[in-house]
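Engineer: Please build the complex by placing chain B on the supplied structure of chain A, with the hints as guidance.
So the chains spell out like this:
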Amino acid sequence: MKLLNKITLWFIGVVLLVTPITMVISRNNIKKHLDQAEIERMKAVNDRVAQQLRAGEKPDRYTHGRPIEISLLPGTLPAEKVTVSKDNYVAEDLGRKECRITVNSYYEVGAQHYKISSFNYVIKSEEIFQGMLTAVIWKIVLLTIAVSVTARLISGKIFLPLRRTMKAIHRFDLKQKKKIQLPETSTTEFKELNAFLRKMTDKAMEDYAAVKEFSENAAHELQTPLAVIRSKIELLSETNIDGTQAALIGDMQNAIEKLSHINRSLILLTKLENQEFKTTESLKFCRVTKEVLATYEDWILMRDIKLSTQLDKAVPLNIHPALAEMLMNNLLSNAIRHNRDGGQIDVLLTHRELCISNTGLPPQIPTSELFQRFKKSNQSSDSIGLGLAIVKQICEVSNYTIDYTYTNGWHRIHVYFFKEDVPNVMNGEPLPTAAEMPA
Amino acid sequence: MKVLIVEDNKELASGISDYLNGEKYICELAYTFEAAREKLSLFSYDCILLDIMLPDGNGLELLNYIRKENINSGILIISAKDALDDKVNGLEGGADDYVTKPFHLPELHARLRAIYRRKKLEGSNNNLVTFNEIVLNTDTVEATVNDVLLDVTRKEFDLLLYFVVNKNRVLSRQSIAAHLWGDYTDNLANFDFVYQHVKNLRKKISAVEGTDYIETVYGLGYKFNTSKT
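First to last, the sequence lines map onto chains A and B. In this text, residue positions in the first sequence follow this note's numbering: the first is 17, and each later residue adds one. In this text, residue positions in the second sequence follow this note's numbering: the first is 428, and each later residue adds one.
Looking at chain A on its own, in the form it has when it is part of the complex (with noise of 0.2 Å):
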């Protein structure tokens, strides 16, 4: 749900619970002054019948048409000199209910006692309430229409900031060297954002600038003793040598080959987590499968393997051409590897995935633990164990999902090219969702 909406929503709740209680407040407060004007009126007018009382003038003129009732009181004075009393009946003869206050009001005119009472009706608390609950919900309508109407209009200003923020983020790039750029505001929270977007990016920049130099400078000072190595082994061996030192040089050149395979693998990891290859244009899968192919069409002959293949036509796929090919390699040198010898190889392709199955011994360790770096199923083999590590990381750099399994013999890699494709039955995370942005 978009800010905007969850901010209007509990807005639109606020008003809607305090409308309600100022409703019941405002009642009270105009059925309490309303009472109060007319309890002063009717003791004004007890105090005018009164003053004529004392003055001797007859009442009559001023009490005629009124609800007032003068009587004499026997005894004495009661305490207080004014009584107000409110009823609440209903009035039989016209079958409403009826709010009546009376005002008693006690004299003393000469030696005798007065009591002067006078009456009225007044309007009941539910009429009020009645003549307030158009004008409530007129309010609570108009106030909803408003505020989702003007928080629509006002927000595209406000948000801009953070909505073109949020663009520069999507726009930003490590590998580009480019500070990020984010727009001026006047707004608080949105100046902490940039700050510490600022901040959080130059960082890693310069984390990914170390990390990347440290990488290259890795290759170099050892590529190049690596190197040296080789060609001195490669010198000594062309000299003068008997049986054993030729052994002994053999097994040095073992070594030093394996270092080598070693120290290019992890400098290729190196670069993919540094999204070193990235790639704009399409290239056609298919055709790349097929290369591979035939580069290892003779190994499959010599270890006797019967290869089955079904390629879809056209199949591209944005990935760099070097990463299109190690993934096939390293695939395919597996399958032939980890075969038996007489044993076979299914190769699949289609615009959605890429499914190498081979026949094998089975998995010594469980099938997810073989894209580990420098987990092997058998510890022993010649093998360095990073060659799924790196396909491992070539599918996450191309955003691929792969799957190993093994069952009945067969060990089958999947590719999905797709994360759509990918069944449930893999315990994927959750696909990331669209960032959600204010309107």
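For the record, the hints were derived by calculation from the structure and aren't laboratory data. These numbers were taken from a predicted model, which means no experiment stands behind them. Please note that a few of the clues may not be correct.
Said to hold, decoys possible - In silico DSS-like links for lysine-lysine, alpha-carbon gap of 27 Å or less:
id, chain 1, residue 1, chain 2, residue 2
1, B, Lys429, A, Lys248
2, B, Lys437, A, Lys274
3, A, Lys183, A, Lys22
4, A, Lys194, A, Lys287
5, A, Lys248, B, Lys451
6, B, Lys594, A, Lys248
7, A, Lys195, A, Lys228
8, A, Lys300, B, Lys582
9, A, Lys140, A, Lys102
10, A, Lys287, A, Lys195
11, B, Lys631, A, Lys322
12, B, Lys630, B, Lys582
13, A, Lys322, B, Lys626
14, A, Lys248, B, Lys437
15, A, Lys228, A, Lys194
16, B, Lys451, B, Lys495
17, B, Lys630, A, Lys322
18, B, Lys547, B, Lys451
19, B, Lys582, A, Lys274
20, A, Lys294, A, Lys219
21, A, Lys306, B, Lys582
22, A, Lys274, A, Lys392
23, A, Lys274, B, Lys626
24, A, Lys183, A, Lys392
25, A, Lys207, A, Lys173
26, B, Lys547, B, Lys582
27, A, Lys322, B, Lys582
Structural biologist: Just chain B, lined up with the frame of chain A:
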């Protein structure tokens, strides 16, 4: 062939020059950018081996200089950076090929020879590599022994060419595997495969009554021995 080796690591440079001296090439060494530029302005070379990272400059800049001065040498870049950008920049900058450290010396030599062949034989229509009765045509990928066409696969052709170019050298199985299948394939398990290819090649040459020059060097690999008759 006259070769200029531009490489700041002295041991590596001397290793390369030792190997190439064995092929009767004349090698000169330059450890810095400036030294390389000086030599290039004074002498001419058939091929230049160029390291990208030099203490006082970038090898790619040297490429610019070579192009500006119209120096017509074959250029092979040797670099520890196998970053793809460098590869592309180098090849666009006028380099002929690119190897990444740590390379095998026979591999370096094979590539150097390939560049040399292309440069020297420009215009002429036969790209032939000949040794005694063996003739390899790098254009058509055809091999003949005693004028009989050899029925070899592309890999076997490459293997034979690798042997002929690096004759009388011990070629390790690692170097052969890297030459045939590239650096990135995990070729540690490919050694049986190398054996298989060499065996097939020898069989095919023997079948047309060519001399079996290829011999096994115990513990190390193979050698194309020219003293065999």
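Engineer: Of the hints stated earlier, which fail here?
Structural biologist: 16, 24
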